[in-house]
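Chemist: The chain contents come next:
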Amino acid sequence: MDAAQQVHEQFLAALEGGSLRRRSNIGLAKAGLAPARAAAMLRSQMLSRQLDRLSRKLQARGEGFYTIGSSGHEGNAALAEALRVDDMAFLHYRDAAFQIHRAGRVPGETPAWDMLLSFTASADDPISGGRHKVLGSKRLMIPPQTSTIASHLPKAVGTAFSIGIARRMGFEDTVLARDGVVLCSFGDASANHSTALGAINTAAWAAFQGTPMPIVFLCEDNGIGISTRTPVGWIEANFSGRAGLHYIACDGCDMADAWRGASEAVDYARRLRKPVFLHMKTVRLYGHAGNDVQLVYLSKDQIAADNARDPLLASAALLIEEGVMTAAEVRAEYDGIEAALLRQVELAIARPKLADAAAVMASIVPPKREGVARPLANAQARAALFADEAAAMDKPQHMARLLSWALADVLLQYPNAIVCGEDVGAKGGVYNCTARLHQRFGSARVINTLLDEQAILGLAIGAAHNGLLPIPEIQFLAYVHNAEDQIRGEAATLPFFSNGQFTNPMVLRIAGLPYQKGFGGHFHNDNSLAVFRDIPGIVLAVPCCGADAVLMLREAVRLAHEEQRVVIFVEPIALYMTRDLHSEGDLGWTSVYEAPGAAEIRLGEVGVRGADNNSGTDLAIVTYGNGVYLSLQAQKLLAEQGVAARVIDLRWIAPLAEEALLAAAGPCARVLIVDECRITGSQSEALMALFAEAAPGKRAARIAAEDSFIPLGRTATYTLPSRDMIVAKALEMAGG
Amino acid sequence: MAKHTVVVVCPGRGTYNAPELGTLARHHAGRPEAQAELARFDAMRAQSGAETLSAVDGEAKFIPALHLRGDVAAPLIYAASYLDFLSLDQERFEVVAVTGNSMGWYTALACAGAVSGDHGFAIANAMGVNSQKHAPGGQAVLVLADENWRVDLGLARAVDAACAREGVLPSIRLGGMLVVAGPEAALDALETALKESGPPLPRALLRLAGHGPFHTPLMQPSANAARAGLPPAWFAAPQVPLIDGRGAIWRRFETDPRDLWDYTFGHQITAVYDFTAAMTAALREFSPDYVVLLGPGETLGGAIGQVMIGARWLDISSKAGFSFRQETNPFLLAMGRPSQRSIVIS
Numbered sequence: 001m002d003a004a005q006q007v008h009e010q011f012l013a014a015l016e017g018g019s020l021r022r023r024s025n026i027g028l029a030k031a032g033l034a035p036a037r038a039a040a041m042l043r044s045q046m047l048s049r050q051l052d053r054l055s056r057k058l059q060a061r062g063e064g065f066y067t068i069g070s071s072g073h074e075g076n077a078a079l080a081e082a083l084r085v086d087d088m089a090f091l092h093y094r095d096a097a098f099q100i101h102r103a104g105r106v107p108g109e110t111p112a113w114d115m116l117l118s119f120t121a122s123a124d125d126p127i128s129g130g131r132h133k134v135l136g137s138k139r140l141m142i143p144p145q146t147s148t149i150a151s152h153l154p155k156a157v158g159t160a161f162s163i164g165i166a167r168r169m170g171f172e173d174t175v176l177a178r179d180g181v182v183l184c185s186f187g188d189a190s191a192n193h194s195t196a197l198g199a200i201n202t203a204a205w206a207a208f209q210g211t212p213m214p215i216v217f218l219c220e221d222n223g224i225g226i227s228t229r230t231p232v233g234w235i236e237a238n239f240s241g242r243a244g245l246h247y248i249a250c251d252g253c254d255m256a257d258a259w260r261g262a263s264e265a266v267d268y269a270r271r272l273r274k275p276v277f278l279h280m281k282t283v284r285l286y287g288h289a290g291n292d293v294q295l296v297y298l299s300k301d302q303i304a305a306d307n308a309r310d311p312l313l314a315s316a317a318l319l320i321e322e323g324v325m326t327a328a329e330v331r332a333e334y335d336g337i338e339a340a341l342l343r344q345v346e347l348a349i350a351r352p353k354l355a356d357a358a359a360v361m362a363s364i365v366p367p368k369r370e371g372v373a374r375p376l377a378n379a380q381a382r383a384a385l386f387a388d389e390a391a392a393m394d395k396p397q398h399m400a401r402l403l404s405w406a407l408a409d410v411l412l413q414y415p416n417a418i419v420c421g422e423d424v425g426a427k428g429g430v431y432n433c434t435a436r437l438h439q440r441f442g443s444a445r446v447i448n449t450l451l452d453e454q455a456i457l458g459l460a461i462g463a464a465h466n467g468l469l470p471i472p473e474i475q476f477l478a479y480v481h482n483a484e485d486q487i488r489g490e491a492a493t494l495p496f497f498s499n500g501q502f503t504n505p506m507v508l509r510i511a512g513l514p515y516q517k518g519f520g521g522h523f524h525n526d527n528s529l530a531v532f533r534d535i536p537g538i539v540l541a542v543p544c545c546g547a548d549a550v551l552m553l554r555e556a557v558r559l560a561h562e563e564q565r566v567v568i569f570v571e572p573i574a575l576y577m578t579r580d581l582h583s584e585g586d587l588g589w590t591s592v593y594e595a596p597g598a599a600e601i602r603l604g605e606v607g608v609r610g611a612d613n614n615s616g617t618d619l620a621i622v623t624y625g626n627g628v629y630l631s632l633q634a635q636k637l638l639a640e641q642g643v644a645a646r647v648i649d650l651r652w653i654a655p656l657a658e659e660a661l662l663a664a665a666g667p668c669a670r671v672l673i674v675d676e677c678r679i680t681g682s683q684s685e686a687l688m689a690l691f692a693e694a695a696p697g698k699r700a701a702r703i704a705a706e707d708s709f710i711p712l713g714r715t716a717t718y719t720l721p722s723r724d725m726i727v728a729k730a731l732e733m734a735g736g
Numbered sequence: 001m002a003k004h005t006v007v008v009v010c011p012g013r014g015t016y017n018a019p020e021l022g023t024l025a026r027h028h029a030g031r032p033e034a035q036a037e038l039a040r041f042d043a044m045r046a047q048s049g050a051e052t053l054s055a056v057d058g059e060a061k062f063i064p065a066l067h068l069r070g071d072v073a074a075p076l077i078y079a080a081s082y083l084d085f086l087s088l089d090q091e092r093f094e095v096v097a098v099t100g101n102s103m104g105w106y107t108a109l110a111c112a113g114a115v116s117g118d119h120g121f122a123i124a125n126a127m128g129v130n131s132q133k134h135a136p137g138g139q140a141v142l143v144l145a146d147e148n149w150r151v152d153l154g155l156a157r158a159v160d161a162a163c164a165r166e167g168v169l170p171s172i173r174l175g176g177m178l179v180v181a182g183p184e185a186a187l188d189a190l191e192t193a194l195k196e197s198g199p200p201l202p203r204a205l206l207r208l209a210g211h212g213p214f215h216t217p218l219m220q221p222s223a224n225a226a227r228a229g230l231p232p233a234w235f236a237a238p239q240v241p242l243i244d245g246r247g248a249i250w251r252r253f254e255t256d257p258r259d260l261w262d263y264t265f266g267h268q269i270t271a272v273y274d275f276t277a278a279m280t281a282a283l284r285e286f287s288p289d290y291v292v293l294l295g296p297g298e299t300l301g302g303a304i305g306q307v308m309i310g311a312r313w314l315d316i317s318s319k320a321g322f323s324f325r326q327e328t329n330p331f332l333l334a335m336g337r338p339s340q341r342s343i344v345i346s
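In order, the protein sequences belong to chains A and B.
Heads up: the first sequence is residues 1 to 736, going by our numbering.
Heads up: the second sequence is residues 1 to 346, going by our numbering.
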């Protein structure tokens, strides 16, 4: 017999035969649970169960597309009972009962219908619009989640952290209440994931030093991850007694004990604003997903023992023994739920699906927000802010200094903006780009984080969920790679999976790219942007100089604040302190700080720098970042040899402004692409393709970095494009 | 044979008009159970010195000053609806949920078994009087739906904003109509503002003569009177799911009767009654074979159709589509319409 059917019949037989047993002596009165609320929880649990059964039937009919169920985990409904409905919840994929039960507390919610639309991938699915089977709901404060690799833990920690930050900032326009608690649930197998461990460590690290961290980590321990057993006692041994983390255990198969644990955990987190690890023992009934046959790796006895822990058995026993319902009434409710679902599902199947690629992609870019543009800070406030640097501001400065002022102006103009990262505080950042921000805006808005990139990005994503405007900093491009999924799998996908309802706008600043003079080797000179190039929806910016960096940073912040975009802002380290362009002392790479309000560089605007007033038409050099700097040096040498080249700075790598680029290169028959990144996966690939497809009449060639890592010392630039290589290639092209 | 599932909808004030005169006699003569109920209702009214419903229903002609008076209209409508509910053939139809609009909530309580039929009547009767206790103010109707019964969400938002600007509150969300309420001066201001600066509506604002500012905080005196005179002890958990004016579902084992009492004489009286949400929840969470609209009359049918169109229920997306469905295979069965009444009565 089908495993799901077996569990179903076991429940019916136990109701019929009176063999239901409670799992503990904790009664409703002792647990402090009103009979009506216990009945509501049982109903949520039964609805979750019936939905699981139905999802398998739907898949068999070819009408449903997701069978990872919640059966055996229905104890998590206790968290929905214990939390307030405005407490944000980042859910494990086995938490349907939580969502159903929370929905039951919000008038007008229709959880069964909504879940069926999700199963059937209908465009009417209120959370994802038919894009994915996720748990989630805007009204229920449940951001959409698939939680497959514990990747939601860092942002849950960030969200919890942001509650305290917003309080300290005095910022009121937050999504979450000042006394809000964040729930983050996951399985015992996921608890081993480095992402989970990093996030839990971050929360404990913060709490250990007294930073508010009102979060409940709900570990739903069913003892197995797909087919791999969790060692007996592992979760408790691993997470009880950890510094900064309060551990509570409860039996998720026993409604009364689950409620006891849940209410204790929520109360602790809300009252003390400290993290709690709630270890809820659950059971996974009928395998990992619909196609998983447990008998391959579990004995019949093990399966029978698991089945005997079915939480529905104990929940029903509790209510029957307490006289809330009779066995027949439980059965009638259970059957009634099934009957209603069978009526609903046929209608749900008939609802429209997403029609085409455009419909699927409609929520990749989040919706713009109207009426949120921030006014410029007044002159008086700016004068006070920069009083001690007024003289310096009238003189040409390098990019790092200009960026630090631009950031100060941003923090002044946007009261919801925060800066966070390693050493961004009193030290002013590894390259001084956040200099004096800490002093000017305080530790609530300029936040020194621990050394963990996942935590930094999690903080940013979570803070954005709460209405803040995060400007996180990653010290080096190579460091982002251990945390890239926080952008790739989480931040970028949030609007997609929520049909644009949830967003996490931010400007992620990263110091990167090569050409530091002999310093640092590969990990400080990483020259690949490939990790960001293929992520739908994000904006990737690379300024080449201080003047552009200031204007582009302002545009990036505007894009985040007004258009809810995730912007990756990669600053070329080698140009941070560069002052001269052609010769020592020419100050060709410095500029005077441009105050906000006048000039701007909008998304998609390319920069054209040419000899003779932009009129160089012999050759277009298309490049970005350090490539602009080298190409401008080359341009001068080329001009001396009679070749008039224009240098086109992409500025915005993604989305690529194809029309603007083609227009800028229009008068030139030859196009030389200069790309400082490793050739494989580099932007030059897309550019070559673009010119081949859209401007086949032009002769296009490229110089890109070798597929090598960056070495130390004098060899550091051996694998990279150089000024002389550009000159040589350009002359070759001009002569050909 | 499996029963047909139905959601029962109880109409509110304004549904007993001239065409409905005599409806109690016409529909329930020869039905001993209904007659017995009606006799009890009459006795209750006689005891307090009020006109009996039989007498009012039996008037030779419709007298607005009598039939539309709150203390007459409310019990009259309650009785017509409740007796209709008792006539429903429960051998063939399974009631899977009950909901109502505005005053129909009191009828819904009784139909769902959360209060007895007599207590429901006593509540409707008392609220007919109580609802006249309120701070000064009135009600008006705004038509939002176009000729296809579709509501433009932008228009709805603009109207909400206009109301908020003038200090007018939403009173009942009723499919393609929005009933608003507030002090007379605020309603005057809204009327002027809509005329002068829009947004343009399909029909001009219509003031409802004799109506109070129902479902707004101005009704607090009415709520106070209800709480003082109508005891929680009358309330029990509903026997079938009961959907309230927020779209919340009250279920048998999950209902604390005290909470139901509190909602009925609290939020239900002093905050917006969202029939659209109630009806949407009814369709989605119960997906019935039919919706049965109790009498008197069938004027609420339009709002139900508009809610269906708003939710694209059964793939119906226009008035024409709704009408076609109703003509060929009616989904909405109005007991105030003889041809449909005959389908559902025992």
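Simulated from the structure, these hints should not be mistaken for lab results.
Model, not experiment: these values are computed from the prediction.
Backbone N, C-alpha and C fix where the C-beta goes; we use that ideal spot for every residue, glycine too.
A portion of the hints provided could be inaccurate.
Unchecked claim - Not the full set, but computed from the structure, chain A residues with beta-carbon under 7 Å of chain B:
hint, residue
1, 39
2, 708
3, 709
What the hints assert, rightly or not - Here are some chain A residues the structure puts well away from chain B; computed CB gaps all over 12 Å:
hint, residue
4, 113
5, 117
6, 231
7, 332
8, 352
9, 360
10, 380
11, 432
12, 444
13, 489
14, 679
15, 706
16, 725
Chemist: Against this structure, judge whether each hint is valid.
Modeler: Hint-by-hint comparison with the structure:
1. With its C-beta approaching chain B no nearer than about 4 Å, residue 39 (chain A) sits inside the 7 Å limit, and its interface hint holds.
2. Restraint check, residue 708 (chain A) versus chain B: the minimum CB separation of about 56 Å is more than 7 Å; hint violated.
3. Because the smallest distance between the Cβ of residue 709 (chain A) and any Cβ of chain B comes to about 55 Å, over 7 Å, the interface hint for this residue is violated.
4. Residue 113 (chain A), annotated as away from the interface, has a beta carbon of chain B within 12 Å; the closest lies near 4 Å.
5. Taking the minimum C-beta to C-beta distance to chain B, about 9 Å, the non-interface status of residue 117 (chain A) is violated against the 12 Å cut.
6. A cut-off of 12 Å between C-beta atoms confirms that residue 231 (chain A) is not in contact with chain B; the least separation is 40 Å.
7. The beta carbon of residue 332 (chain A) is not kept farther than 12 Å from every beta carbon of chain B, the shortest such distance being approximately 10 Å.
8. Listed as outside the interface, residue 352 (chain A) is inconsistent with that label: its C-beta sits roughly 8 Å from the nearest C-beta of chain B, within the 12 Å cut-off.
9. Distance check for residue 360 (chain A) against chain B: the nearest CB is about 20 Å away, which clears 12 Å, and the non-interface claim stands.
10. With a minimum CB-CB distance of about 34 Å to chain B, residue 380 (chain A) clears the 12 Å threshold, and the non-interface call stands.
11. Once the 12 Å rule is applied to beta carbons, residue 432 (chain A) is consistent with being away from chain B; the minimum gap is 48 Å.
12. Separation of residue 444 (chain A) from chain B is adequate, the least Cβ-Cβ distance of about 34 Å exceeding the 12 Å criterion.
13. No Cβ of chain B comes within 12 Å of the Cβ of residue 489 (chain A); the nearest lies about 32 Å off, and the non-interface call holds.
14. Separation of residue 679 (chain A) from chain B is adequate, the least Cβ-Cβ distance of about 50 Å exceeding the 12 Å criterion.
15. For residue 706 (chain A), the shortest C-beta to C-beta distance to chain B comes to about 56 Å, beyond the 12 Å cut-off, and the non-interface label holds.
16. For residue 725 (chain A), the non-interface assignment is confirmed: its Cβ lies about 57 Å from the closest Cβ of chain B, beyond the 12 Å cut-off.
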